[in-house]
Amino acid sequence: MRDYIVKFWQGLFTILIGMKVTFKHLFVPAVTIQYPSVKPQLPERERNRLYVNMDDCIGCDQCSRACPVSCIEIETVKSIPGEVLGTTSNGKKKALWVTKFNIDFAKCCYCQLCVFPCPTECIYMTDVYEFSEFSRESLVYDFVTLLPEEREQKKKNFEELQAKKEAEKIAAAKKAAEEKAAAQANKPEEPKSDNKEENKQ
Amino acid sequence: MKTAEEIFNKLKEKFGSSIIELKTDKPLEPFILVNRLEVDKICLFLRDERDLLFDSLMNLSGVDDANGEKIKDETGLETINGGTLSVYYHLESTNLRHKLTLKTSTEREKPEVVTVTEIWKGANWHEREAYDMYGVVFLNHPDLRRILMPYDWEFGYPLRKDYKNPEFYQGMKVPY
Amino acid sequence: MALKTEEMVLNMGPQHPSTHGVLRLELQLDGEIIIDVVPHIGYLHRCFEKHCEAMTYPQVIPYTDRMDYLASMYNEFGYAVAMERLLKIEVPERVEYIRVIMGELQRIASHLVALGTYGADIGAFTPFLFCFRDRERILHLFEITCGARLLYNYIWIGGLSHDLHPDFIRLTKEFIKDFRPNLKELNDLLSFNQIFIERTANVGVLPLETAINYGVSGPNLRGSGFKWDLRKDDPYSVYNKFDYDIPIGTGEKGKVGDCWDRYFVRVKEMEESLKIVEQAIDTIPDGDVTSAIPKRIKPPEGQIYTRVENPRGELGYFIISDGSLNPARVKVRAPSFVTMQVFSELCKGWMVADVVAILGSVDIVLGEIDR
Amino acid sequence: MMYDWLFSLTGNEILAMFIVSLLPLFAFILPFALIAVLAERKVSAHMQDRLGPMRVGYHGILQTVADIIKLLQKEDLVATATDKTLFNFAPLLVFMGSYAAFAAIPFSGFFIGSKIDLGIIFIVGVTGLVVAGILMAGWASNNKYSLLGAMRAAAQIISYEIPTLLIILTIVVLTGTLSLYDLSEIQTAYFWNWLIFGGPFFGLQKLLLIPLMILSCLIIYTSTLAEVNRTPFDIPEAESELVSGYHTEYSGMKFAMFFLAEYANMFAVSAIVAILFFGGYQSPFGYLGNSLGWSWLVPVEQFFWFTAKGLFFVFVQMWLRWTLPRFRVDQLMAFCWKYLIPFSFVILLIVGLITLM
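From first to last, the protein sequence lines stand for chains A, B, C and D. Quick note: the first sequence uses my numbering, first residue 1, plus one each step. Quick note: the second sequence uses my numbering, first residue 1, plus one each step. Quick note: the third sequence uses my numbering, first residue 1, plus one each step. Quick note: the fourth sequence uses my numbering, first residue 1, plus one each step.
Please keep in mind that the hints were generated in silico from the structure rather than gathered at the bench. Hints may contain errors.
[Said to hold, decoys possible] Listed next, the in silico DMTMM-like pairs over lysine to aspartate or glutamate satisfying Cα-Cα at most 20 Å (straight line):
{"#": "1", "chain 1": "C", "residue 1": "K50", "chain 2": "B", "residue 2": "E78"}
{"#": "2", "chain 1": "B", "residue 1": "K26", "chain 2": "C", "residue 2": "D322"}
{"#": "3", "chain 1": "D", "residue 1": "K144", "chain 2": "C", "residue 2": "E26"}
{"#": "4", "chain 1": "D", "residue 1": "K144", "chain 2": "C", "residue 2": "E6"}
{"#": "5", "chain 1": "C", "residue 1": "K295", "chain 2": "C", "residue 2": "E84"}
{"#": "6", "chain 1": "C", "residue 1": "K88", "chain 2": "B", "residue 2": "E13"}
{"#": "7", "chain 1": "B", "residue 1": "K121", "chain 2": "B", "residue 2": "D48"}
{"#": "8", "chain 1": "C", "residue 1": "K348", "chain 2": "C", "residue 2": "E26"}
{"#": "9", "chain 1": "B", "residue 1": "K99", "chain 2": "B", "residue 2": "D55"}
{"#": "10", "chain 1": "B", "residue 1": "K10", "chain 2": "B", "residue 2": "D48"}
{"#": "11", "chain 1": "C", "residue 1": "K88", "chain 2": "B", "residue 2": "D25"}
{"#": "12", "chain 1": "C", "residue 1": "K255", "chain 2": "C", "residue 2": "E209"}
{"#": "13", "chain 1": "B", "residue 1": "K161", "chain 2": "C", "residue 2": "D322"}
{"#": "14", "chain 1": "C", "residue 1": "K255", "chain 2": "A", "residue 2": "E121"}
{"#": "15", "chain 1": "B", "residue 1": "K103", "chain 2": "B", "residue 2": "E118"}
{"#": "16", "chain 1": "C", "residue 1": "K173", "chain 2": "C", "residue 2": "D134"}
{"#": "17", "chain 1": "B", "residue 1": "K99", "chain 2": "B", "residue 2": "D40"}
{"#": "18", "chain 1": "B", "residue 1": "K99", "chain 2": "C", "residue 2": "D234"}
{"#": "19", "chain 1": "B", "residue 1": "K121", "chain 2": "C", "residue 2": "E345"}
{"#": "20", "chain 1": "A", "residue 1": "K39", "chain 2": "C", "residue 2": "E136"}
{"#": "21", "chain 1": "C", "residue 1": "K232", "chain 2": "C", "residue 2": "E96"}
{"#": "22", "chain 1": "B", "residue 1": "K2", "chain 2": "C", "residue 2": "E272"}
{"#": "23", "chain 1": "A", "residue 1": "K20", "chain 2": "C", "residue 2": "D188"}
{"#": "24", "chain 1": "C", "residue 1": "K227", "chain 2": "C", "residue 2": "E271"}
{"#": "25", "chain 1": "B", "residue 1": "K164", "chain 2": "B", "residue 2": "D73"}
{"#": "26", "chain 1": "A", "residue 1": "K39", "chain 2": "D", "residue 2": "D330"}
{"#": "27", "chain 1": "C", "residue 1": "K295", "chain 2": "A", "residue 2": "D3"}
{"#": "28", "chain 1": "C", "residue 1": "K50", "chain 2": "B", "residue 2": "D162"}
{"#": "29", "chain 1": "C", "residue 1": "K227", "chain 2": "B", "residue 2": "D55"}
{"#": "30", "chain 1": "D", "residue 1": "K144", "chain 2": "C", "residue 2": "D134"}
{"#": "31", "chain 1": "B", "residue 1": "K110", "chain 2": "B", "residue 2": "E29"}
{"#": "32", "chain 1": "B", "residue 1": "K70", "chain 2": "C", "residue 2": "E209"}
{"#": "33", "chain 1": "C", "residue 1": "K348", "chain 2": "D", "residue 2": "D330"}
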């Protein structure tokens with residue numbers, strides 16, 4: 001019988017305490033913000049969308065190797081000796097044309113593993129988080145600064161260079177073969193000519 | 001508080017042949033190689049022995065040692081046959097505060113290990129997961145079904161090194 | 001002739017407001033009383049272990065975050081401790097202190113989620129929002145330090161990705177000062193409320209022997225009255241430098257090991273974690289956090305099993321390396337996976353409303369169960 | 001009163017009766033529902049340190065209008081396996097049950113539906129219809145969760161009607177009348193004549209009655225709370241277990257009907273508590289109209305006081321909803337049969353003795 005009354009009284013008492021707490025909170029100012037009109041102020045180390053500063057990118061492929069979900073695709077083309085590609089901000093001379101640099105933000109897991117290995121710190125994370133799209137394909141960002149024709153142009157240049165090099169190599173090889181052949185051909189003549197000289201003396 | 005050697009010697013004179021050897025060459029923890037069909041008797045002894053009292057099974061994990069000979073077929077996918085699948089038991093005694101690692105290995109084609117669910121009921125789902133992922137059949141296990149993969153997944157055992165993803169699973173393309 | 005009652009099978013299906021994720025419970029009901037519970041898991045299986053075999057060692061860390069997504073800082077902590085023992089790396093003192101601070105803050109945040117959703121399951125919606133308001137402060141602390149709110153990739157093998165933010169210390173002190181009265185308020189509102197006690201005391205009692213036999217760990221084991229905490233019983237990192245005690249279930253409101261005990265152990269644990277964070281904040285040494293991070297991680301051939309005290313229990317990492325850049329096998333012993341086995345034994349004989357209460361008190365996360 | 005005035009105005013019986021029966025609906029319940037839905041969301045928001053609806057209209061004023069428009073244009077889903085007739089009729093029955101109660105509630109001296117002298121028993125009887133409606137809804141939607149919810153709702157409402165009736169009996173024993181109008185008239189002139197402070201009696205009798213009346217007010221408030229399925233007794237639509245009980249399958253206008261019925265019931269219940277214990281439409285400190293001599297002002301003041309008390313009790317219901325967790329079904333029954341009913345029997349006995357004194 002005793003705990004029957006104690007339970008009733010305790011129930012009533014704890015309910016009133018609970019109500020006191022919620023009533024007190026009627027006058028506490030709200031902690032929520034009205035999102036679209038009031039944007040949250042994000043800290044500067046925020047990790048949202050990646051940005052690649054293509055001027056500094058030397059196409060070294062470190063970031064795509066470090067990415068756990070392999071969402072960065074890079075293709076580079078060697079530059080022709082004559083061309084000048086400019087230097088990165090910290091003075092490193094660039095040698096590769098980057099013809100393809102895609103980051104697929106549908107796959108990216110925003111883990112920042114690609115930012116640390118970059119030698120020229122050209123890839124870093126901005127605090128832009130509102131970039132939703134209607135189709136997955138449009139989430140694949142292309143960062144290359146060359147126009148499509150220029151990319152083809154670079155590839156063609158490089159192929160020509162390759163072709164020229166092959167041609168030269170073949171030519172050099174042919175020449176070397178001819179000389180060898182020629183060398184054997186005139187080797188038999190030389191001994192004759194030596195005899196004549198000896199005879200003349 | 002007993003070290004692995006003492007426990008090994010204790011087991012050796014109790015079970016003799018079924019305790020194969022104590023491996024301490026690989027770094028960190030030594031483990032005891034045990035015959036796969038005697039596991040439950042050994043574990044029951046380990047649990048009930050007065051000065052061992054291994055009363056909780058921390059972890060039971062299947063491992064594909066991938067030590068069979070690899071055959072590369074034309075598309076570059078390799079299938080391993082021969083070699084062993086092994087099951088590691090990490091035991092622990094909560095009141096004597098010591099730990100032990102057991103290992104049993106079975107051949108790859110017909111992997112069979114005796115279940116320890118009667119000794120530690122916690123092993124039930126761990127064994128089902130080892131079966132689901134590696135195909136190690138645990139003899140007289142209460143209900144040996146797949147646990148993480150869909151119940152009707154008949155394209156082999158995913159965590160094996162030579163596992164190939166099926167093209168379609170019930171009409172759905174698997175690799176997207 | 002006994003009245004023939006037909007059992008009703010009720011599916012508390014994968015999409016259900018109170019199953020804490022995608023878990024399907026098949027309940028055999030006799031009226032409202034439960035005869036048997038068959039949990040079906042696997043809906044959130046993302047082949048974590050298969051991924052690990054294709055990743056290099058540092059790349060596994062973002063994957064460990066996604067296992068127990070409510071306490072991902074502690075998953076990384078466990079993986080880092082395991083790898084450092086395998087590679088025998090000595091980590092600078094400052095890194096250990098920061099890891100302890102971050103781990104304990106993550107424990108508070110994870111317990112706040114557990115307690116908040118537990119209140120919402122039982123029906124009290126306001127404590128849920130109070131808990132999430134306080135948790136927001138912790139997430140802000142994490143955000144200013146490493147940039148992310150939930151999945152951090154902050155603790156690396158051998159160090160940290162960033163050092164502490166300049167005003168991290170000040171904000172943490174403010175948080176601790178504000179959080180204590182809030183904790184007391186939560187107690188008034190929920191813990192000692194007679195209806196809450198009525199719903200949770202003596203419900204779903206977990207006896208100690210079955211708990212140990214099943215390998216249950218963490219707050220659920222401590223709720224059954226067993227003083228077992230890996231931070232003290234299997235020490236790692238610098239936990240031995242702080243003094244804190246381990247709260248256990250005392251059967252204050254009902255039998256030892258009932259839902260209320262498990263709930264109240266988590267509330268007291270939050271107070272202990274506050275103490276640890278306070279002590280760690282005051283005595284944090286200086287130093288460089290990225291000095292001990294190895295450039296290329298190629299561990300010697302071997303295997304290691306390490307366990308840490310995750311907010312949900314004993315999180316174990318069993319790593320086998322075959323000397324190459326990628327781990328040969330990473331097996332994770334998830335505390336919720338083990339707790340889920342005990343669940344069907346806990347629920348027998350109780351009512352449908354109690355299944356929700358017991359599931360809330362056991363505090364499982366499906367990301368960890370399905371891996 | 002109002003019926004006679006309208007009859008004298010229009011001269012046609014049916015028209016007057018028609019207007020009188022529709023007036024509470026359009027003049028009071030719909031506006032009240034508009035305000036109550038918004039108030040519930042605002043009160044719960046501020047209790048939880050957030051702002052609640054802020055976008056529709058200034059500070060979310062038009063939120064309920066937006067809700068109604070949404071519900072109107074929502075597709076009215078009817079699952080194939082449901083029992084069509086019951087499924088469609090259930091929300092009507094539930095709303096009928098709670099709306100009929102307003103016929104006998106005296107909003108003010110002048111503004112009363114019908115001054116039947118069995119007022120309170122009529123209300124309790126009519127709210128019994130709600131149980132039938134809920135059972136119909138639960139059974140017709142052919143879904144395990146709603147069936148469970150409906151079973152629980154039926155058991156809960158029926159068993160909580162007993163303490164309500166017992167407390168009403170004590171009031172009737174005390175005041176001798178069943179009609180709500182006379183009950184309000186008895187508690188006139190200043191608040192210490194209200195029944196909660198012992199009613200219009202004198203000396204020792206009043207002093208003895210005060211604690212009993214406070215306790216019985218508590219009991220009737222909790223039991224009517226349970227009849228309306230409000231927390232801590234909202235088990236039939238317990239979100240965390242039964243998804244949302246008997247109105248899981250409903251959508252669109254039918255769901256709005258359930259919603260409206262719930263709020264109408266909420267006000268009806270708090271009106272009953274206000275009338276029984278807090279002097280219905282009597283003002284606590286005299287009427288401005290009398291002192292100023294404008295006799296037409298008195299009914300308006302009475303209407304104001306009546307709605308003020310009703311709204312206060314509705315606020316307390318909302319306040320309870322966002323503070324307390326939910327009972328379990330068997331605890332709910334135990335609470336009713338082991339606590340409320342014995343207490344109300346004891347009170348009935350003691351009050352009976354006091355009135356004999």
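Each hint tested on the structure:
Taking the CA atoms of C/K50 and B/E78, the gap is about 17 Å. The hint holds against a cut of 20 Å. For the given pair, B/K26 sits about 10 Å from C/D322 by alpha-carbon distance, which is consistent with the 20 Å threshold. The suggested pairing of D/K144 with C/E26 holds, with an alpha-carbon distance near 13 Å, which does not exceed 20 Å. Between D/K144 and C/E6 the alpha-carbon distance is near 14 Å, which keeps this suggested pair within the 20 Å criterion.
Restraint check: the Cα-Cα separation between C/K295 and C/E84 comes to about 14 Å, which is no more than 20 Å; the hinted pair holds. Between the alpha carbons of C/K88 and B/E13 the distance comes to roughly 35 Å, so the proposed pair goes past 20 Å and is violated. Of the pairs offered as hints, the one joining B/K121 and B/D48 holds, with about 15 Å between alpha carbons and a cut-off of 20 Å not exceeded. Distance check on the hinted pair: C/K348 and C/E26 sit about 13 Å apart at the alpha-carbon level, within 20 Å; holds.
About 11 Å separates the Cα atoms of B/K99 and B/D55, which keeps this hinted pair within 20 Å; it holds. Note on B/K10 and B/D48: the hinted pairing holds, with a Cα-Cα distance of about 14 Å set against a maximum of 20 Å. Distance hint between C/K88 and B/D25 is fulfilled; the C-alpha atoms sit about 16 Å from each other, no more than 20 Å. Annotation: proposed proximity of C/K255 to C/E209 holds, straight-line Cα distance about 15 Å (limit 20 Å).
Of the supplied pair hints, the one linking B/K161 and C/D322 holds, its CA atoms being roughly 13 Å apart against a limit of 20 Å. Our distance criterion of 20 Å between C-alpha atoms is broken by C/K255 and A/E121, whose separation comes to about 60 Å. Straight-line distance between C-alpha atoms of B/K103 and B/E118 comes to about 19 Å, which keeps the hinted pair within the 20 Å bound. Pair hint C/K173 plus C/D134 holds up; C-alpha atoms about 14 Å apart against a cutoff of 20 Å.
With a C-alpha separation of about 18 Å, the suggested pairing of B/K99 with B/D40 holds against the 20 Å cut-off. A hinted pair counts as satisfied when its Cα atoms are at most 20 Å apart, and B/K99 with C/D234 qualifies at roughly 11 Å. For the hint pairing B/K121 with C/E345, the CA-to-CA distance comes to about 11 Å; that is within 20 Å, so the pair holds. Annotation: proposed proximity of A/K39 to C/E136 holds, straight-line Cα distance about 16 Å (limit 20 Å).
As the CA atoms of C/K232 and C/E96 are separated by approximately 16 Å, the hinted pair is consistent with the 20 Å bound. Between B/K2 and C/E272 the alpha-carbon distance is near 32 Å, which puts this suggested pair outside the 20 Å criterion. With a C-alpha separation of about 9 Å, the suggested pairing of A/K20 with C/D188 holds against the 20 Å cut-off. Distance restraint check for C/K227 and C/E271: the Cα-Cα separation of roughly 17 Å lies within the 20 Å cut-off, and the hinted pair is therefore satisfied.
Distance restraint check for B/K164 and B/D73: the Cα-Cα separation of roughly 13 Å lies within the 20 Å cut-off, and the hinted pair is therefore satisfied. With a C-alpha separation of about 48 Å, the suggested pairing of A/K39 with D/D330 is violated against the 20 Å cut-off. The hinted pair formed by C/K295 and A/D3 fails the criterion: a straight-line CA distance of about 67 Å is larger than 20 Å. Taking the CA atoms of C/K50 and B/D162, the gap is about 12 Å. The hint holds against a cut of 20 Å.
With a C-alpha separation of about 16 Å, the suggested pair C/K227 and B/D55 falls inside the 20 Å cut-off, and the hint holds. Straight-line distance between C-alpha atoms of D/K144 and C/D134 comes to about 38 Å, which puts the hinted pair past the 20 Å bound. Between B/K110 and B/E29 the CA atoms are separated by roughly 29 Å; this puts the pair beyond 20 Å, and the hint is violated. Only pairs whose Cα atoms come within 20 Å are accepted, and B/K70 paired with C/E209 is rejected, the gap being roughly 47 Å.
Between C/K348 and D/D330 the alpha-carbon distance is near 17 Å, which keeps this suggested pair within the 20 Å criterion.
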